[in-house]
Amino acid sequence: NAGVMQNPRHLVRRRGQEARLRCSPMKGHSHVYWYRQLPEEGLKFMVYLQKENIIDESGMPKERFSAEFPKEGPSILRIQQVVRGDSAAYFCASSLNSGRTGNTIYFGEGSWLTVV
Amino acid sequence: GENVEQHPSTLSVQEGDSAVIKCTYSDSASNYFPWYKQELGKGPQLIIDIRSNVGEKKDQRIAVTLNKTAKHFSLHITETQPEDSAVYFCAAPFSIDQFYFGTGTSLTVIP
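Residue numbers (our numbering), protein chains in the order written: chain G, 283 to 398; chain Z, 9 to 119.
A hint or two may mislead.
Some chain Z residues near chain G, calculated using beta-carbon distances under 10 angstroms [what the hints assert, rightly or not]:
1) Y40
2) Y44
3) G49
4) K50
5) F97
6) F102
7) F107
8) T111
9) S114
Pair ranges (Cβ atoms, derived) [stated by the list, open to error]:
10) V28/Z x R360/G: 37 to 43 angstroms
11) N11/Z x S312/G: 26 to 32 angstroms
12) K65/Z x I336/G: 41 to 47 angstroms
13) K353/G x S60/Z: 32 to 38 angstroms
14) N61/Z x E323/G: 21 to 27 angstroms
15) R360/G x P119/Z: 26 to 32 angstroms
Everything labelled a hint here was simulated from the structure, so no lab data went into it.
The beta carbon of each residue, even a glycine, is placed where N, CA and C say it ideally should be.
Next up, chain G with everything else stripped away, as it sits in the complex (with noise of 0.2 angstroms):
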């Protein structure tokens, strides 16, 4: 099965502490979408990368948060002295071309992040 695949699924971590969160997109696609989503809340975008650029980071905080997909290796989403408030579920998604265009995007089964 080469679906989207992150890690970890769960995460703990320390106020201050940094996180970080991995996606491999599916086979063959190079659009990546980070998503957050609070308990009981819907779907925020944060982030959409092709390889090696970023390309609409409006969703994302302006500070303590930075995302990548480089040539090689997963696409990652780092946290920075992470606060309780961090806590939620990440998701990734992927998509063979632009979204816009109307290719689907597929969702991994998403990383959470516990802040204690």
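Given the coordinates of chain G, assemble chain Z onto it according to the supplied hints.
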């Protein structure tokens, strides 16, 4: 920018009845509308999608209708079953290739 509104936020139906969830969007250039089902503790899964060149699409008990003039689209589930209980999200593309999602509908099918 795009604004996607989804109603209702919660929906309870008896098993065997139909369920309808509606979404409206604001960007008239949007041309692709997927629906996702999310079960507890899992990621959203695509269940059906529709493109702007058609008005309706059906897949077994699930159908989606699109009214481009009114800028709304709806998910229809017929003969509901307990396993249909989940949160359903609509989405519409926006700007440079990102999707905005509706706020979700929590569907409960009562056996």
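So, going through the hints one by one against the coordinates:
For Y40/Z, the interface hint holds, the least distance from its beta-carbon to any beta-carbon of chain G being 4 angstroms, beneath 10 angstroms. Below 10 angstroms, beta-carbon pairs count as interface contacts, and Y44/Z has one with chain G at about 7 angstroms; its hint therefore holds. At about 8 angstroms, the closest approach between the beta carbon of G49/Z and any beta carbon in chain G falls short of 10 angstroms, and the interface hint on this residue holds. Because the beta carbon of K50/Z sits about 6 angstroms from the nearest beta carbon in chain G, less than 10 angstroms, this interface hint is met.
Given hint, F97/Z at the interface with chain G, holds; its Cβ is 6 angstroms from that chain's nearest Cβ, closer than 10 angstroms. Given hint, F102/Z at the interface with chain G, holds; its Cβ is 8 angstroms from that chain's nearest Cβ, closer than 10 angstroms. Proximity of F107/Z to chain G holds as hinted, the smallest CB-CB distance being about 6 angstroms (cut-off 10 angstroms). With its C-beta approaching chain G no nearer than about 4 angstroms, T111/Z sits inside the 10 angstroms limit, and its interface hint holds.
Of the supplied interface hints, the one on S114/Z holds, with its beta-carbon coming within about 8 angstroms of a beta-carbon of chain G, less than 10 angstroms. Taking the beta carbon of each, V28/Z and R360/G are about 41 angstroms apart, inside 37 to 43 angstroms as hinted. Between N11/Z and S312/G the beta carbon distance is about 28 angstroms. The supplied range of 26 to 32 angstroms therefore holds. Checked against the hint of 41 to 47 angstroms, the pair K65/Z and I336/G fails, with Cβ atoms roughly 34 angstroms apart.
In this structure the supplied range 32 to 38 angstroms holds for K353/G paired with S60/Z, their Cβ-Cβ distance being about 35 angstroms. Take N61/Z and E323/G: their Cβ atoms lie about 33 angstroms apart, and the range 21 to 27 angstroms is violated. Range check, R360/G to P119/Z: about 45 angstroms between beta-carbon atoms, so the 26 to 32 angstroms window is missed.
When held up to the earlier numbered hints, the structure conflicts with 12, 14, 15 and fits the remainder.
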